[in-house]
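Asker: Same order as they appear, the protein sequences are chains F and C. Quick note: the first sequence uses numbering that gives the first Met the number 0, first residue 0, plus one each step. Quick note: the second sequence uses numbering that gives the first Met the number 0, first residue 0, plus one each step.
Check each hint, because a few of them may be wrong.
What the hints assert, rightly or not - Here are the simulated DSSO-like cross-link-like pairs (lysine-lysine), alpha carbons at most 27 Å apart as the crow flies: (1) F:62 - C:468; (2) C:148 - C:82; (3) F:135 - C:317; (4) C:26 - F:26; (5) C:468 - C:408.
Said to hold, decoys possible - Here are some chain C residues the structure puts well away from chain F; computed CB gaps all over 10 Å: (6) 43; (7) 89; (8) 93; (9) 223; (10) 373; (11) 379; (12) 393; (13) 439.
As the list claims (entries may be wrong) - Stretch by stretch, here's where chain C covers chain F in the computed footprint (C-beta under 8 Å, at least three residues): (14) 9-16; (15) 116-128.
Hints listed in this document are in silico derivations from the structure and should not be mistaken for laboratory results. The beta carbon of each residue, even a glycine, is placed where N, CA and C say it ideally should be.
There are 2 protein chains.
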Amino acid sequence: MADQKKLVEAITPMEEDFAQWYTDIVKKAELMDYSGVRGCMVIEPYGFAIWENIRDILDRRFKELGHENVSMPMFIPESLLQKEKDHVEGFAPEVAWVTHGGSEELEERLCVRPTSETLFCDHYARVIHSWRDLPKLYNQWCSVVRWEKTTRPFLRSVEFHWQEGHTMHETAQEALEETERMLNVYADFCENDLAIPVIKGRKTDKEKFSGAEATYTIEAMMHDGKALQAGTSHYFGDGFARAFNISFQNRENKPQTPFQTSWGMSTRIIGGIIMTHGDNNGLVLPPAVAPIQVIILPIAQHKPGVLDKAYELRDRLKGSFRVRVDDSDQSPGWKFSQYEMKGVPLRLEIGPKDIEKGQCVLVRRHDREKVFVPLEDLENAITAQLEEVRKGIYEKALQRRESMTYTAKNLDELKEIADTHPGLIKAMWCGDPACEEKLKEVAGVSSRCMPFEQEHLSDTCVCCGKPAKAMTYWGKAY
Amino acid sequence: MADQKKLVEAITPMEEDFAQWYTDIVKKAELMDYSGVRGCMVIEPYGFAIWENIRDILDRRFKELGHENVSMPMFIPESLLQKEKDHVEGFAPEVAWVTHGGSEELEERLCVRPTSETLFCDHYARVIHSWRDLPKLYNQWCSVVRWEKTTRPFLRSVEFHWQEGHTMHETAQEALEETERMLNVYADFCENDLAIPVIKGRKTDKEKFSGAEATYTIEAMMHDGKALQAGTSHYFGDGFARAFNISFQNRENKPQTPFQTSWGMSTRIIGGIIMTHGDNNGLVLPPAVAPIQVIILPIAQHKPGVLDKAYELRDRLKGSFRVRVDDSDQSPGWKFSQYEMKGVPLRLEIGPKDIEKGQCVLVRRHDREKVFVPLEDLENAITAQLEEVRKGIYEKALQRRESMTYTAKNLDELKEIADTHPGLIKAMWCGDPACEEKLKEVAGVSSRCMPFEQEHLSDTCVCCGKPAKAMTYWGKAY
Numbered sequence: 000m001a002d003q004k005k006l007v008e009a010i011t012p013m014e015e016d017f018a019q020w021y022t023d024i025v026k027k028a029e030l031m032d033y034s035g036v037r038g039c040m041v042i043e044p045y046g047f048a049i050w051e052n053i054r055d056i057l058d059r060r061f062k063e064l065g066h067e068n069v070s071m072p073m074f075i076p077e078s079l080l081q082k083e084k085d086h087v088e089g090f091a092p093e094v095a096w097v098t099h100g101g102s103e104e105l106e107e108r109l110c111v112r113p114t115s116e117t118l119f120c121d122h123y124a125r126v127i128h129s130w131r132d133l134p135k136l137y138n139q140w141c142s143v144v145r146w147e148k149t150t151r152p153f154l155r156s157v158e159f160h161w162q163e164g165h166t167m168h169e170t171a172q173e174a175l176e177e178t179e180r181m182l183n184v185y186a187d188f189c190e191n192d193l194a195i196p197v198i199k200g201r202k203t204d205k206e207k208f209s210g211a212e213a214t215y216t217i218e219a220m221m222h223d224g225k226a227l228q229a230g231t232s233h234y235f236g237d238g239f240a241r242a243f244n245i246s247f248q249n250r251e252n253k254p255q256t257p258f259q260t261s262w263g264m265s266t267r268i269i270g271g272i273i274m275t276h277g278d279n280n281g282l283v284l285p286p287a288v289a290p291i292q293v294i295i296l297p298i299a300q301h302k303p304g305v306l307d308k309a310y311e312l313r314d315r316l317k318g319s320f321r322v323r324v325d326d327s328d329q330s331p332g333w334k335f336s337q338y339e340m341k342g343v344p345l346r347l348e349i350g351p352k353d354i355e356k357g358q359c360v361l362v363r364r365h366d367r368e369k370v371f372v373p374l375e376d377l378e379n380a381i382t383a384q385l386e387e388v389r390k391g392i393y394e395k396a397l398q399r400r401e402s403m404t405y406t407a408k409n410l411d412e413l414k415e416i417a418d419t420h421p422g423l424i425k426a427m428w429c430g431d432p433a434c435e436e437k438l439k440e441v442a443g444v445s446s447r448c449m450p451f452e453q454e455h456l457s458d459t460c461v462c463c464g465k466p467a468k469a470m471t472y473w474g475k476a477y
Numbered sequence: 000m001a002d003q004k005k006l007v008e009a010i011t012p013m014e015e016d017f018a019q020w021y022t023d024i025v026k027k028a029e030l031m032d033y034s035g036v037r038g039c040m041v042i043e044p045y046g047f048a049i050w051e052n053i054r055d056i057l058d059r060r061f062k063e064l065g066h067e068n069v070s071m072p073m074f075i076p077e078s079l080l081q082k083e084k085d086h087v088e089g090f091a092p093e094v095a096w097v098t099h100g101g102s103e104e105l106e107e108r109l110c111v112r113p114t115s116e117t118l119f120c121d122h123y124a125r126v127i128h129s130w131r132d133l134p135k136l137y138n139q140w141c142s143v144v145r146w147e148k149t150t151r152p153f154l155r156s157v158e159f160h161w162q163e164g165h166t167m168h169e170t171a172q173e174a175l176e177e178t179e180r181m182l183n184v185y186a187d188f189c190e191n192d193l194a195i196p197v198i199k200g201r202k203t204d205k206e207k208f209s210g211a212e213a214t215y216t217i218e219a220m221m222h223d224g225k226a227l228q229a230g231t232s233h234y235f236g237d238g239f240a241r242a243f244n245i246s247f248q249n250r251e252n253k254p255q256t257p258f259q260t261s262w263g264m265s266t267r268i269i270g271g272i273i274m275t276h277g278d279n280n281g282l283v284l285p286p287a288v289a290p291i292q293v294i295i296l297p298i299a300q301h302k303p304g305v306l307d308k309a310y311e312l313r314d315r316l317k318g319s320f321r322v323r324v325d326d327s328d329q330s331p332g333w334k335f336s337q338y339e340m341k342g343v344p345l346r347l348e349i350g351p352k353d354i355e356k357g358q359c360v361l362v363r364r365h366d367r368e369k370v371f372v373p374l375e376d377l378e379n380a381i382t383a384q385l386e387e388v389r390k391g392i393y394e395k396a397l398q399r400r401e402s403m404t405y406t407a408k409n410l411d412e413l414k415e416i417a418d419t420h421p422g423l424i425k426a427m428w429c430g431d432p433a434c435e436e437k438l439k440e441v442a443g444v445s446s447r448c449m450p451f452e453q454e455h456l457s458d459t460c461v462c463c464g465k466p467a468k469a470m471t472y473w474g475k476a477y
């Protein structure tokens with residue numbers, strides 16, 4: 000059968016061609032399909048179910064912290080986009096422009112939102128009047144468009160899904176706290192739910208968001224040593240608010256400008272999951288977001304009682320786990336490969352002998368460890384094994400990141416590491432964008448972040464030798 | 000305080016100016032805000048929470064029936080839109096066109112999706128090969144754009160949120176069953192969750208979806224007697240599939256074209272909720288989708304123990320109901336008006352005397368009926384009262400619809416009813432679009448649907464006197 004053949008075909012090993020390995024996985028695990036629209040993808044059911052799980056976890060966390068969901072228009076009038084100078088400079092070159100509605104040319108062009116600060120500010124200007132109206136803690140789940148030249152599934156696409164939180168506060172202090180709080184939500188989500196270790200830090204001025212005073216980021220390291228910016232949180236001060244004339248009566252009955260943040264995480268994190276946990280057998284999914292957590296495979300399913308037992312276990316487990324039975328007539332070997340490709344964390348095998356003994360077999364996807372489990376203790380065993388998966392893949396990723404993180408004391412050292420060792424480089428920096436430019440030019444690396452956890456490696460900038468301001472991570476990035 | 004003043008201000012009575020009453024509610028219940036983009040609205044937290052509840056209920060039902068969520072691009076290349084002749088004729092005049100990406104003019108214009116049949120077909124052509132790939136039962140939650148000239152919040156906007164299901168089947172029979180099944184899901188959701196009585200039927204050829212063979216609809220009647228199309232389900236036969244060269248190997252190993260459906264419900268249903276249940280005190284929300292089902296109002300809250308009791312009740316109830324305490328320093332009278340405006344189904348009052356007696360007061364929003372409830376029986380009482388609300392508002396809407404539905408035997412009768420009595424008119428029809436045109440011209444009514452539950456009113460068409468084919472509902476519509 001065509002389907003069978005397609006799926007047992009091996010994927011390109013990552014050591015051979017990492018980019019092709021990635022592409023093979025997104026296609027063969029049926030996460031996405033290319034569409035007829037350049038740079039826009041079809042997210043297929045299995046891929047979208049991962050995003051739905053990500054969304055549900057984050058959405059619950061946002062709401063627990065008092066955030067509310069809203070919906071803003073998908074279009075931004077050109078004049079609105081232009082209100083904040085740095086912002087328009089950053090985004091105007093990469094937006095899609097709507098110029099006609101039906102057969103009529105529009106008086107003013109509309110861009111398809113690349114991000115929605117301007118729309119939120121336009122709304123906030125109408126609804127914020129008093130300190131009693133603050134804070135405003137809004138979030139929106141939507142897709143946005145950036146006219147990227149080169150695109151890759153999930154990692155960089157013309158249209159992508161994300162959430163964007165946009166908040167307004169009485170004081171700068173409160174807004175700064177919100178910026179950090181939401182970065183911590185992302186970091187905690189990545190580490191505990193996605194099992195992706197991240198470095199928290201601040202972006203340099205060169206790398207920060209257009210219009211922001213400060214951008215905080217979480218950076219993860221992929222299999223190939225490249226960094227992936229996994230989530231960002233921005234502090235705007237009152238710059239946008241002033242540009243949009245947002246003003247409120249403060250507690251002293253005086254007009255005041257509020258302080259603003261925004262923060263976002265996107266479908267790009269699915270690319271991060273693939274490139275952190277995947278292996279040469281396919282996807283490896285963290286249990287918290289796996290569409291199927293346990294796949295039940297009946298062994299010798301034609302024998303009496305096997306399928307019934309499989310269905311019975313499914314019905315028993317489905318209240319606690321995302322579980323499915325594959326009762327198709329494919330061979331067990333085919334099914335093993337299929338669900339390894341799809342990254343299902345646990346495989347549950349049940350055959351006639353197991354039934355006799357009142358047991359089943361649980362096999363972990365990431366290390367293929369096998370345990371025999373008495374059926375009466377199945378729920379506890381699955382919970383424990385899913386936790387083993389989470390810890391196991393986290394540890395693996397953390398060890399890899401540590402073994403691929405280097406320290407450079409001077410430019411020659413940094414250049415040599417960058418040329419020969421994929422990974423991240425820690426080095427001191429003076430804070431001058433000229434040195435950033437030079438490192439990019441000479442060693443091909445960009446600044447990833449100035450981590451909150453600083454180490455004092457030396458007193459001087461790795462590039463110019465002047466007094467250093469901050470230890471900074473450098474590397475190649477997605 | 001400015002806020003207080005704004006909210007206790009009465010709204011325009013619906014008898015005086017129905018359109019203004021509607022606008023007052025959407026604004027004063029804080030469902031939406033007008034945006035700077037013509038015809039596009041900001042859906043504020045309270046309005047969006049209603050949509051999230053609608054989405055969650057429908058999404059669960061779709062998934063129980065085997066549907067899977069996906070994401071298609073938001074853009075459609077012009078050539079793709081043109082593949083199905085009737086479809087492009089129907090939609091091309093009302094789409095937004097993207098002509099530039101960044102500073103470059105595109106080689107081919109892209110429209111912002113007005114609906115996604117073409118995108119789904121384009122994908123299906125790539126992934127459907129064998130009868131084993133069928134049925135495909137996909138759904139997507141997104142927003143779409145139609146360049147409407149005149150817009151009204153929720154009822155008709157340039158951008159609106161909806162879900163669109165798109166399915167492919169081996170046989171026409173299966174696809175027809177799906178079309179009906181999904182119409183029934185919508186009807187059941189409207190009647191049981193939203194408490195909106197609906198008429199199920201088929202659209203005439205003139206009113207059907209561009210490109211469909213048959214469109215089924217559910218029609219609801221609003222306070223002012225106008226009809227609202229609340230959800231539609233379309234059967235496409237194999238028309239689109241042929242236009243898009245979708246073909247599969249059937250069970251006899253022969254190439255065959257699959258059969259298709261699509262079905263959608265949108266944020267317009269929020270307009271339907273407002274105009275079915277709302278009254279001159281504001282919104283009335285059906286409990287299933289109300290963001291707050293029970294608002295707890297502490298009475299004499301400065302007295303010792305009152306606030307604590309209110310919080311205790313909230314914490315006790317919050318696992319079972321969507322519940323909130325208003326502990327602000329506004330007066331009880333202000334709070335009563337506020338939550339009536341917001342349509343909260345039940346108000347729970349608790350004061351010092353109630354606490355002494357171990358009771359509280361529950362007041363139903365829609366009829367202001369008051370019951371005293373012993374605190375030990377509170378959960379049961381709330382469940383029972385929410386069910387009373389649901390039944391009560393459903394019955395009220397049904398009685399109104401029945402009292403505003405008329406029968407016409409000839410054109411003069413129909414015209415007179417249409418001129419003098421807002422509502423729906425049942426009349427026999429020959430099936431000729433010319434008669435539809437004439438009724439529109441003469442009496443200002445359009446065909447709403449040919450209901451599945453037919454009545455034989457007479458043998459001849461109300462318009463031309465030729466033999467009748469179907470009893471049809473006629474009326475003015477949103």
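Asker: Residue 62 of chain F and residue 468 of chain C were given as a pair; does the straight-line alpha-carbon distance stay at or below 27 Å?
Answerer: Distance of about 54 Å is beyond 27 Å: violated.
Asker: Could you let me know if the closest chain F CB is still more than 10 Å away from the CB of residue 43 of chain C?
Answerer: violated, 6 Å
Asker: Residue count check for the region 9-16 of chain F against chain C: does it reach three with CB-CB under 8 Å?
Answerer: Violated - the region 9-16 of chain F has 0 residues with a Cβ nearer than 8 Å to chain C, which falls short of three.
Asker: For a C-alpha distance cap of 27 Å, please report whether residue 26 of chain C and residue 26 of chain F respect it.
Answerer: At roughly 47 Å apart (the allowed maximum being 27 Å), residue 26 of chain F and residue 26 of chain C break the hint.
Asker: Quick one, are residue 148 of chain C and residue 82 of chain C close enough, alpha carbons at most 27 Å?
Answerer: Cα-Cα ~26 Å, so holds.
Asker: Beyond 10 Å from chain F, beta-carbon-wise, is residue 89 of chain C?
Answerer: Nearest chain F Cβ is 12 Å from residue 89 of chain C, so the label holds.
Asker: Verify the proposed pairing of residue 468 of chain C with residue 408 of chain C, using a straight-line Cα cut of 27 Å.
Answerer: holds, 14 Å
Asker: Are all C-beta atoms of chain F more than 10 Å from that of residue 379 of chain C?
Answerer: The claim holds: residue 379 of chain C sits with its nearest Cβ about 25 Å from chain F, beyond 10 Å.
Asker: Beyond 10 Å from every Cβ of chain F: is that where the Cβ of residue 393 of chain C lies?
Answerer: With a cut-off of 10 Å, residue 393 of chain C remains clear of chain F, as the shortest Cβ separation is near 28 Å.
Asker: For residue 439 of chain C, is the shortest beta carbon distance to chain F beyond 10 Å?
Answerer: holds, 23 Å
Asker: Taking the closest pair, is the beta carbon of residue 373 of chain C still more than 10 Å from chain F?
Answerer: Non-interface label on residue 373 of chain C holds, nearest chain F Cβ at 32 Å vs cutoff 10 Å.
Asker: Need the status of pair residue 135 of chain F, residue 317 of chain C: alpha-carbon distance at most 27 Å?
Answerer: Distance ~24 Å between residue 135 of chain F and residue 317 of chain C Cα, so the pair holds.
Consistency with the previously given hints fails for numbers 1, 4, 6, 8, 14, ordered from lowest to highest.
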